[in-house]
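Peer 1: Sequence:
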Amino acid sequence: GMSQIDTFDPKPPGDAKTKKPGGYYESIDTSVPGVQVCRHLRKTAKLM
24 GMSQIDTFDP KPPGDAKTKK PGGYYESIDT SVPGVQVCRH LRKTAKLM
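The opening residue of the sequence shown carries number 24 in the numbering used here; numbering runs sequentially from there.
Read the hints as simulated data drawn from the structure, not as lab findings. There may be inaccurate statements among the hints.
What follows is a set of in silico ranges between Cβ atoms, one per label pair, in the way DEER data are often shown [claimed, not checked]:
(1) ALA39 x LYS69: 27 to 37 Å
(2) LYS42 x MET71: 25 to 35 Å
(3) LEU70 x LYS43: 30 to 40 Å
(4) VAL58 x SER26: 12 to 22 Å
(5) MET25 x LYS69: 11 to 21 Å
(6) PRO36 x LYS66: 18 to 28 Å
(7) LEU70 x SER26: 19 to 29 Å
(8) LYS69 x LYS42: 29 to 39 Å
(9) MET71 x THR41: 25 to 35 Å
By construction, the Cβ of each residue, glycine as well, lies at the ideal position given by its N, Cα and C atoms.
Take the sequences, apply the hints, and build the full model.
Peer 2: In structure tokens form, the structure reads like this:
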């Protein structure tokens with residue numbers, strides 16, 4: 024499965040051209056202002 028780094032601690036997208044490290048998945052907003060999780064956790068985001 025996905026690691027906690029890509030799910031509950033999402034990183035901004037990386038850039039392959041500049042070799043800037045980053046996350047693989049987009050992050051989405053939760054019901055808590057300012058808190059984001061991985062886009063694969065849509066149901067969890069609604070419950071937070």
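Peer 1: Give a verdict on every hint.
Peer 2: Quick rundown of the hints versus the structure:
| no. | hint | result |
| --- | --- | --- |
| 1 | ALA39 x LYS69: 27 to 37 Å | holds (32 Å) |
| 2 | LYS42 x MET71: 25 to 35 Å | holds (33 Å) |
| 3 | LEU70 x LYS43: 30 to 40 Å | holds (32 Å) |
| 4 | VAL58 x SER26: 12 to 22 Å | holds (19 Å) |
| 5 | MET25 x LYS69: 11 to 21 Å | holds (18 Å) |
| 6 | PRO36 x LYS66: 18 to 28 Å | holds (23 Å) |
| 7 | LEU70 x SER26: 19 to 29 Å | holds (21 Å) |
| 8 | LYS69 x LYS42: 29 to 39 Å | holds (36 Å) |
| 9 | MET71 x THR41: 25 to 35 Å | holds (33 Å) |
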